[in-house]
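Chemist: Make a model of the complete structure from these sequences and hints.
So the chains spell out like this:
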Amino acid sequence: MLRKLFPHPLLTLLLVIIWLLLVNQWKVGSLVMGLILGIAIPLLTAAYWPNRPVVKDIPAFISYCLMVLWDIIVANIQVAKIVAFMPNDKIKSAWIPIPIDLKTPEAITMLAGTITMTPGTVTADMSSDGKVLLIHTLHTDDPDGVRDDIKARYETRLKRIFE
Amino acid sequence: MEQIAELVISALLVIGGIFAVIGSFGLLKLRDTMQRLHAPTKATTVGVGTALISSMIYFLVFEGTISWHELLITLFLLLTAPITANFIAKAQMHRFIKPEDLPGTGDTTDWATYDLEMTVANPDLIGPDLRK
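Chains as they are written, first to last, in the working numbering: chain Z, 1 to 163; chain H, 164 to 295.
Calculated directly from the structure, the hints in this document are not laboratory data. Quick caveat: nothing in here was measured; it's all calculated off a predicted structure. We put the beta carbon where it would ideally sit given N, CA and C, even for glycine. Hints should not be assumed to be uniformly reliable.
Part of the chain H face toward chain Z, derived, beta carbon under 8 angstroms [unchecked claim]:
1. 182
2. 183
3. 185
4. 193
5. 200
6. 202
7. 248
8. 272
9. 276
With a cut-off of at most 35 angstroms between alpha-carbon atoms, the simulated DSBU-like pairs for lysine-lysine come out as follows [said to hold, decoys possible]:
10. 261/H to 159/Z
11. 27/Z to 253/H
12. 103/Z to 159/Z
Over the 12 angstroms line for every Cβ pair with chain H, so calculated as not near, a few chain Z residues [stated by the list, open to error]:
13. 41
14. 55
15. 57
16. 61
17. 142
18. 159
Modeler: Here it is, written out as structure tokens:
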């Protein structure tokens, strides 16, 4: 019964919080409206979400988000330096395939999104069986280093959070 | 207090402005689409971010209210920017980049963008069944 009413409890919570932030002031009426939306939207979209995405370790997830935010700031400064001061013919762009061990689609999506938002790398594609990501780097002298860095810094953490 | 807030807000706006200009400059300067993709996805997130933080500080100090919309804008920006970048990259690959120019997957299957037969023959590969 409870499971039928709340097919995605985390999504419900997230929707309520987002609604309260959207309303931008604290009122009981907004909380009720948020709860109505938070219950209705997961029910209506349940058909597209047959399985619950699992976040096993919520503190680790939050610390991951903070780490990524910090990395985004650092990445901004690095990319800005490359764009502003490095002559075009010195910029060495490269395609790098990254074999991944993650299995769940949510974890792979998070990894791809993180790669796109951080140090000079963009996720471009994935192999058909979902085991390799193709990324493009703006500038690197050491493509293997970039690959190992991503695997060590992001993938191991995501593996702990989602799998 | 207000003086300090004004200074912080101005500093953040100037820093953000510099990053936004560099991001736009990158669009002009870099050589090809894949390189240009890096400029707007990176150098502008700090540009937008600092503008949002200074807006929050302004409302907190001068209007006495906390404005939460900025947090939501940040959230939606971080959620949507990678998807746009990925779609531009895929369109670019379809139109101008040959599979031979890319490194191999080192795997039994090809890159999904080019692997049309694989996708048509095994639609299950894309979607929830990836879990198995």
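Chemist: Which earlier hints turn out false for this structure, listed by number in ascending order?
Modeler: 2 and 11
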